[in-house]
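Sequence order for the protein chains is S and P.
Heads up: the first sequence begins at 1 in our numbering, then just goes up one per residue.
Heads up: the second sequence begins at 111 in our numbering, then just goes up one per residue.
Honestly, the hints are just simulated from the structure, not real lab data.
These numbers were taken from a predicted model, which means no experiment stands behind them.
Ideal Cβ placement from N, Cα and C applies to all residues, glycine included.
Watch out, some of these pointers could steer you wrong.
Unchecked claim - Reference excerpt, derived from the structure (chain P facing chain S, CB under 10 Å, subset only): (1) Arg125; (2) Glu138; (3) Gln151; (4) Leu201.
Said to hold, decoys possible - List of simulated lysine to aspartate or glutamate pairs, DMTMM-like, C-alpha gap at most 25 Å: (5) S:Lys41 <-> P:Asp117; (6) P:Lys167 <-> P:Glu178; (7) S:Lys56 <-> S:Asp30; (8) P:Lys121 <-> S:Glu44; (9) P:Lys167 <-> S:Glu44; (10) P:Lys121 <-> P:Asp134; (11) P:Lys167 <-> S:Asp30.
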Amino acid sequence: ELKVEQNPLFLSMQEGKNYTIYCNYSTTSDRLYWYRQDPGKSLESLFVLLSNGAVKQEGRLMASLDTKARLSTLHITAAVHDLSATYFCAVPYTGNQFYFGTGTSLTVIP
Amino acid sequence: DTGVSQDPRHKITKRGQNVTFRCDPISEHNRLYWYRQTLGQGPEFLTYFQNEAQLEKSRLLSDRFSAERPKGSFSTLEIQRTEQGDSAMYLCASRTGRGSPLHFGNGTRLTVT
Numbered sequence: 001e002l003k004v005e006q007n008p009l010f011l012s013m014q015e016g017k018n019y020t021i022y023c024n025y026s027t028t029s030d031r032l033y034w035y036r037q038d039p040g041k042s043l044e045s046l047f048v049l050l051s052n053g054a055v056k057q058e059g060r061l062m063a064s065l066d067t068k069a070r071l072s073t074l075h076i077t078a079a080v081h082d083l084s085a086t087y088f089c090a091v092p093y094t095g096n097q098f099y100f101g102t103g104t105s106l107t108v109i110p
Numbered sequence: 111d112t113g114v115s116q117d118p119r120h121k122i123t124k125r126g127q128n129v130t131f132r133c134d135p136i137s138e139h140n141r142l143y144w145y146r147q148t149l150g151q152g153p154e155f156l157t158y159f160q161n162e163a164q165l166e167k168s169r170l171l172s173d174r175f176s177a178e179r180p181k182g183s184f185s186t187l188e189i190q191r192t193e194q195g196d197s198a199m200y201l202c203a204s205r206t207g208r209g210s211p212l213h214f215g216n217g218t219r220l221t222v223t
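Only chain S is shown next, with the shape it has when bound in the complex:
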């Protein structure tokens, strides 16, 4: 069974600082997805990474995928309060089952 691990699980950072969230997975996959979830809300798609070396950027967030290392990173640049949320990575297994990590709860402090 596929295991997806994220770290850190909790992240408290000051506005303006940079940080990286890591997502490791246990079996081969050439695709990975990042989602954001605000408290009490559903999940919103952030990035779709479809190949080794893929890099996507949106605003202060940048995601990358290294399929050989089975690792994806979500880098936050100059954090702002609006980025406070829980971030999940998800890896497809058998093509259609998506396995989610346990999430990284990010709090940006003014």
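For this one, chain S is given, so just place chain P on it according to the hints.
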């Protein structure tokens, strides 16, 4: 694109009762998923439909759970003889083909008392 719609938003039921949830996916999406999420955890896969065919089901899914997607449009998830451990957020998602992301609905929060 009106988004994935789920009904009801909240459901409180007594242990032992049956409950049914509905999901209306984005109209052009042929793939539909049910997930369950508990507090502090990531979504857990329950089942997957492509059109009307239920192609995958989690091994963790009790036989008290059943899902249907008649005519490949909306889907229902039924839980029979609910238990307190069934309390969770039930999320429906849909997508088009390979490589496309899941689009989630707002979920149905189930509380079993």
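Going down the list of hints, with the structure as the test:
no.	hint	verdict
1	Arg125	violated (25 Å)
2	Glu138	violated (16 Å)
3	Gln151	holds (6 Å)
4	Leu201	holds (7 Å)
5	S:Lys41 <-> P:Asp117	holds (15 Å)
6	P:Lys167 <-> P:Glu178	holds (12 Å)
7	S:Lys56 <-> S:Asp30	holds (15 Å)
8	P:Lys121 <-> S:Glu44	holds (23 Å)
9	P:Lys167 <-> S:Glu44	holds (24 Å)
10	P:Lys121 <-> P:Asp134	holds (17 Å)
11	P:Lys167 <-> S:Asp30	holds (23 Å)
Hint check: violations occur at hints 1 and 2; the rest are consistent with the structure.
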